[in-house]
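Asker: Protein chains in written order, with this note's numbering: chain A, 3 to 289; chain B, 5 to 167.
For the record, the hints were derived by calculation from the structure and aren't laboratory data.
Ideal Cβ positions, reconstructed from N, Cα and C, are used throughout, including at glycine.
Wrong hints could be hidden among the right ones.
[Stated by the list, open to error] In the DSS-like style, the derived pairs of lysine-lysine whose C-alpha atoms are separated by at most 30 Å in a straight line are:
id, chain 1, residue 1, chain 2, residue 2
1, B, Lys79, A, Lys191
2, B, Lys7, B, Lys61
3, A, Lys191, B, Lys99
4, A, Lys92, A, Lys246
5, A, Lys44, B, Lys7
6, A, Lys44, A, Lys191
7, B, Lys122, B, Lys61
8, B, Lys99, B, Lys151
9, A, Lys63, B, Lys79
10, B, Lys61, A, Lys191
11, A, Lys173, A, Lys286
12, A, Lys44, A, Lys189
13, B, Lys122, A, Lys191
14, B, Lys151, B, Lys79
15, B, Lys11, A, Lys63
16, A, Lys92, B, Lys122
17, A, Lys173, A, Lys253
18, B, Lys61, A, Lys44
19, B, Lys122, A, Lys63
[As the list claims (entries may be wrong)] Under 8 Å between C-beta atoms, here's a sample of chain B residues computed to sit facing chain A:
id, residue
20, Met5
21, Gln6
22, Thr49
23, Thr55
24, Gly138
[Stated by the list, open to error] To be clear about the criterion: a stretch of chain A counts as covered by chain B if any three or more of its residues have a C-beta under 8 Å from a C-beta of chain B, and this derived list gives those stretches:
id, segment
25, 31 to 37
26, 44 to 55
27, 96 to 109
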Amino acid sequence: MIPGSFEYHRPPTISDAVGLLVSFGDDALILAGGHSLIPMMKLRMAVPEYLIDLQDISSLKSISVEGDQITLGAMVTQAELIASSALSEKCPILQTTSLQIADPQIRNVGTIGGNVANGDPGNDMPAVMQLLDATYTLVGPNGERDVKARDFYETAYFTERADDEILTAIKFTAPAAGHGSAYEKQKRKIGDYATAAAGVVLTMADGICTSASIGLTNVADTPLWAEASAAALVGTSVDEPAIKAAMDAAKAIADPAQDSRGPREFRIHVTGIMVQRAIQQAVKNAQ
Amino acid sequence: MQKLDIKMNINGADVEVNVDSRTLLIHILREELNITGPHIGCDTTHCGACTVDLDGKSVKACTIFAGQANGTTIKTIEGMANADGTLHALQAAFKDNHGLQCGFCTPGMIVRAYRLLKENPNPTETEIRYGISGNLCRCTGYQNIVKSIQVAATELSQQEAAE
Ligand SMILES: Cc1cc2nc3c(=O)[nH]c(=O)nc-3n(C[C@H](O)[C@H](O)[C@H](O)COP(=O)(O)OP(=O)(O)OC[C@H]3O[C@@H](n4cnc5c(N)ncnc54)[C@H](O)[C@@H]3O)c2cc1C
Ligand code: FES
Ligand code: FES
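One chain only, chain A, in its complex shape (with noise of 0.2 Å):
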């Protein structure tokens, strides 16, 4: 499959690149990793007439982890994620996650940034943002703003993001120190996307959850932040009633469509499982 044609440009800085994005208008497309969009332009379920690859961008490859304040640039990749030290031990479950995407060779290449701004409800990426309550950099031609991952999803493939805008940064702070986090997601076999996955990252004191956050993947149009599922564990020792509440909170909100990997009730209950599996994991995890 030898995709369409298009003029490729690998602009040297962020403002030449956002200047070519102007000029071409929605004829062109940011080229990341190219690991969603080049299957995509195989199929032609996209047709750039312009790419611009950002790779030559070195400010776009940094990890900054200062205190508890975290800045991943858009072009870090997502084995360069699982490679972090001071990632892994601040917030490892941006680890647990990227271990479960994909293969090596794709995790190789495919970005972070990529990954939060495709839009694809299949990437892992965009609940665990949520979750987190990270915080996406766009730059365009009239500067640069902060959107919230919560709220940067409209339905699948539209984000808030503009034509015109690169995504340059995620930011968020940390969660506090012991901290437990787990990803669950069920898949087929290596390289599938989810029948379901959750997130959650939650801190306990005394045997008593003091806070809690829940992101679901693959389940509806965009990624879900579940916070009623999330609300259901605060307060509790997280036994089996709160779980269970969870479980009922996140299937209540969770809307997938029947695929190839099994008719909508079926995802629902796998919704429930994996929240379940989450939380235990990340009870487990916390100190």
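Starting from the known structure of chain A, arrange chain B with the ligands on it as the hints suggest.
Answerer: Chain B with the ligands only, in chain A's frame:
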């Protein structure tokens, strides 16, 4: 249609090609340069038959555009044998341990295993299986592929110790 001049170093040799911007790395290798070790199995980024080593990382050449590959250093199965022409430890181990049947997946599998052993010279069986999870084999059932990689790991660390 835009044409691009692409320079790469492949298996130690500097090469230059002039291709359409939409050309994928796998087609440059196979059709422009006659480097046909990397195969096209699925063309959908799943099977790993097209795996090459690009700037020290395993990647799937069916999902890299020409422009992205410009300026990179690439190793394929054709560059795997030792300088004196003898087989690399991985090639020898696959041959001796029935690490292949039809051989279609083998160039990708060995190039991937090469990088895996650079990153982790003494992998456990689980680490090997996870490390090659982006490479599919329809014939062997993986048992002898894993065994071949284990044998090569031992051989390579003995070679290293002897040096
Ligand atoms: C076989 C296979 C299995 C996969 N399985 C999974 C999986 O289980 N889970 C998962 O999460 N992902 C999976 N992926 C997708 C993979 O993780 C992608 O690499 C990732 O989603 C996109 O990152 P990229 O850097 O390749 O982006 P690209 O493909 O380059 O870009 C994706 C989209 O985002 C836009 N874009 C990219 N970067 C920016 C930016 N900085 N600013 C604005 N727009 C931008 C592009 O224009 C494009 O529309 C899989 C891919 C393959 C091929
Ligand atoms: S041909 Fe590239 S992964 Fe199958
Ligand atoms: S030996 Fe035939 S596909 Fe692996």
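Asker: If a hint holds in the structure, say so; if it doesn't, say that too.
Answerer: Quick rundown of the hints versus the structure:
no.	hint	result
1	Lys79(B) x Lys191(A)	28 Å, holds
2	Lys7(B) x Lys61(B)	27 Å, holds
3	Lys191(A) x Lys99(B)	28 Å, holds
4	Lys92(A) x Lys246(A)	29 Å, holds
5	Lys44(A) x Lys7(B)	19 Å, holds
6	Lys44(A) x Lys191(A)	23 Å, holds
7	Lys122(B) x Lys61(B)	10 Å, holds
8	Lys99(B) x Lys151(B)	11 Å, holds
9	Lys63(A) x Lys79(B)	24 Å, holds
10	Lys61(B) x Lys191(A)	23 Å, holds
11	Lys173(A) x Lys286(A)	27 Å, holds
12	Lys44(A) x Lys189(A)	24 Å, holds
13	Lys122(B) x Lys191(A)	26 Å, holds
14	Lys151(B) x Lys79(B)	23 Å, holds
15	Lys11(B) x Lys63(A)	23 Å, holds
16	Lys92(A) x Lys122(B)	28 Å, holds
17	Lys173(A) x Lys253(A)	29 Å, holds
18	Lys61(B) x Lys44(A)	24 Å, holds
19	Lys122(B) x Lys63(A)	24 Å, holds
20	Met5	5 Å, holds
21	Gln6	5 Å, holds
22	Thr49	6 Å, holds
23	Thr55	6 Å, holds
24	Gly138	3 Å, holds
25	31 to 37	holds (count 3)
26	44 to 55	holds (count 3)
27	96 to 109	holds (count 5)
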